[in-house]
Structures are given as C-alpha cells and as structure tokens.
Amino acid sequence: MTRLNNSIMGYRPQAVPRPYDSKRAEKKYQEERNIHGKRATDKVLNLLRGISLSVSRYRLWLFSVFLLVSMALMDIVTDIPFTYLFKEIQQKQLHLEHEQETFAHGKDDYRNRRELHDLQIKMAEYQRKSGEMLLDNGFYTNAEETFTAALALDDTNLEAQIGRFKAETFKLAMSGKHDPVVIHQRIKAVLAYDPEDSHAHTILGNLLIPIDTKAAETHYRHALTTNPNAAYTRLGLAEILIRRKDYQQARTLLEEAVELVPLRVLYHNNLAYVLTRLEDFQGAATHYQRILSLDREHILSHFELANALRMAGDPRGAHTHHKSGIALLEHKEVANLPKNLASWYLPATYSSVIPAAGYTTMARYTVRLDRHDQKYVYGQLELAATELLLGQEKKARGRIRNLPTLPTKEQLAIQRLIVRELQDLEKKQKNLKGNTKKFLNALTGRP
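Taking the working numbering, I'd label the letters of the sequence shown as residues 1067 to 1513.
Calculated directly from the structure, the hints in this document are not laboratory data.
Hints should not be assumed to be uniformly reliable.
Pair ranges (Cβ atoms, derived) [unchecked claim]:
id, residue 1, residue 2, range
1, 1280, 1318, 13 to 23 Å
2, 1280, 1458, 44 to 54 Å
3, 1482, 1255, 46 to 56 Å
4, 1361, 1459, 27 to 37 Å
Derived pair list, reagent style DSS-like, types lysine-lysine, alpha-carbon separation capped at 30 Å [as the list claims (entries may be wrong)]:
id, residue 1, residue 2
5, 1475, 1405
6, 1104, 1195
7, 1243, 1280
8, 1389, 1461
The structure displayed is predicted, hence computed values, not measured ones.
Don't be surprised by glycine CBs; every beta carbon is placed ideally from N, CA and C.
Based on the sequences and whatever the hints tell you, model everything.
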C-alpha cells in the first residue's frame, strides 16, 4: 500500500547502498589489472610483429647497410680496402663460373669421346663383316686389309683378330710359296677354335683338289652346309663336277655363285664355259656380255663372246667382237695390262676358262697362249674364219697372208683349234657346211 502510494504521489524509491565486500572488490581489481596487462602485452607483440615484418621486408637493404657499415669499420680498424670484400666475392663468383664451365666442357668431352668410341665399335664390326664376305669370295688379300682396318678401330674385336689370322693363312696357302706344315698348323688352329669354320674347310678343299678330289669334295660340301653364302666354295666344288663332266650340277652351283656375287667376272666366265659344254651358246654369250659390261678392256672376253655368238648363229655379232678384240690387242697400253698379259687357256672347242687363283684349269686345253704375238695371230685367224662365214673370202685370205710368222708348232696348234671350231659349227648348222674347207684352202693358199 505504501509502495503504491509513493508511486501515485510521484516519489522515486532511493537505492539502498550495499555493504562493502572486500573480496569482491579485490577480484574486480585483479580482473582490471589482467585486462590492462593483456592490452600492454598485445601492444608489445604488435610492435614486435611490425618490426619483424619490416625487417623481413627490408632484410636485403638492412643487410646491405650492415655490410657497408661493417666494411667501413673494418677499413678503419684494419686498413683493409673497402672494396676488398667485393673483389673477393667477384673472384669467387668468376672461379665458380669457370669451374661450372670446365665441368660442362668435361661432360661434353666425355659424351663426345663415348659417342666416338661407340661409333668406332660399330665401324669395326661393319669392317669385320665385310672381311667375312671377302673371305666367302676368296679375296684373301682384301680380307686381310679389311680385318686390319677393323682392328685399328677396335683392337679388342676377337672375331676380327681371327679373321685376319685366317686371311693371312689362306693367302699364304694359295700363293704356292709356303711351308705346308706351317699352313696345316695354322688351319688346324682355326678349326680348333671353330670346327665348323667354312673358310678353313674351303681352303682345305683347294689344297686337296690336286691330290684327293673326294676329300676336297667333302670339305667343300661341309663348308656349304655351315655357310650357304660361300660363293668361292661353290666354284671349287664346280671344278670337281666339271672334271667328272657333271656339267648340269656344276651349272647350278655356278648360277648360285653368280646370284650371290653378280659383279665378279670369275663366276660369270666359268658359268659361261659350262653353258658352252651344255651347248647353251646364247646363255654363254649373255654371261660374256655381262663380263664386258664390267670390264670392256678384258681382251679374251671379246673373243669368247665372239665364238659363243658364232655358235649361236650370229656371225655378224661375232665379227664385231673379233674386231674389237684385235683392236685392243693393237692398243699397247691395254694389251700390256696385267689381266691381258696373263696366259690364255683355250680348250678343245667353243670357249676358254680363266683359272682361279689356286685352281688348276677347269678343262683340258689344246692351246696355251702366253705371248702377245700368239694372241694376235689367234685373233686374226678367228676373224678370218668369221669373215668366210659372212662371204668375205677376199678379206679373209688377205688377212691370213699378212699374219705374223710364229714357230711352226705354235702356228699349227692355233690353226687346228679354229678348224675344230668350224667343224663343230658345221655339225650344228648344216647350212654352213664347206666353210672348214674354205678356211683350210685359205691357210694353204689354194683357191
């Protein structure tokens, strides 16, 4: 009632002060101190953080200032020039750059030397394989040079070392100027390393042909079994078959040799010879033409081609090549080339054979021509015989009258050879009958 009345009358109630509480006051005082302490700490931390950020931001500048001040003090205290440290730093930097450059050059040099070494290894292996191919074809001197070149590139190549040893041995064996015991020991050493070595078996076949053809054939066939690419081995085996008059098998072997090495004259020449024995004169002419495409200055091949063409029924082609052969014989520089100074072995009919190094001739011959005058007389008589076939009897007789004089025995041997060729031609081409008699009459001067 009293409270209501006071309100109505406009009086406000007065606050009644609380009694003083010391504990509460102390607690409040402590809280205020903590707040002030925290604020002070935060200010210090913020200040330190700001200083840290400034130092971090300007650390390089500050370091530079510090360094300059330090160097200035050092210059004053020690008399060391102010720029000394900069020069030292510059020298260290230059030295470091030099070391880096030296390292880079050394690295490049090592890589280049390594690449060169790898290239030399590859080239040496290529040379070694080339040497093996030369051995396959009987080029022993060239093979020795090639193996030597391989070893100059890589002296650790064992196969090249053995290849050169074989080439040296085979070259000595085929030269005919050797100690058979030494050759046998060297070949035995090769076979001890590799009992299947085709080159060693081939050279044994070559050495045995004159004394034991069966043993030679065994070695040749063994070599072909282990090395199907041995073209020179086929040539040796073909010789044995020709001696037996087994021309068809010899033809197969020589055709394989030509296919393996199409640019070697020796294989074409002996295949052409076998084809004449099989009376395939056109085939023989093809191979003689191939020989001349490889070597136009090989005189004997012109006469061989001419004779094959004459037997094949092409006297005009024969006439052309007989004249070419004579023209080359009259050309001293060409006639005196080693290949043209070699002896000509002329078999009984149709063609001739170039004997391979180390081989005997492949057929029994009736005439051997060693000198230039013999070859010239032979060529002139062959041309005269062809002129008779072409109806040029007057030219043929004049040619025969102007022949150089040879010893009687040599002259008769050449004349008999050509007479036999004409007789064989008449048997094959009946329409030419009577030309042998014309040739004999021209030789004796009878009408």
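If you check each hint against the structure, which ones fail? 6
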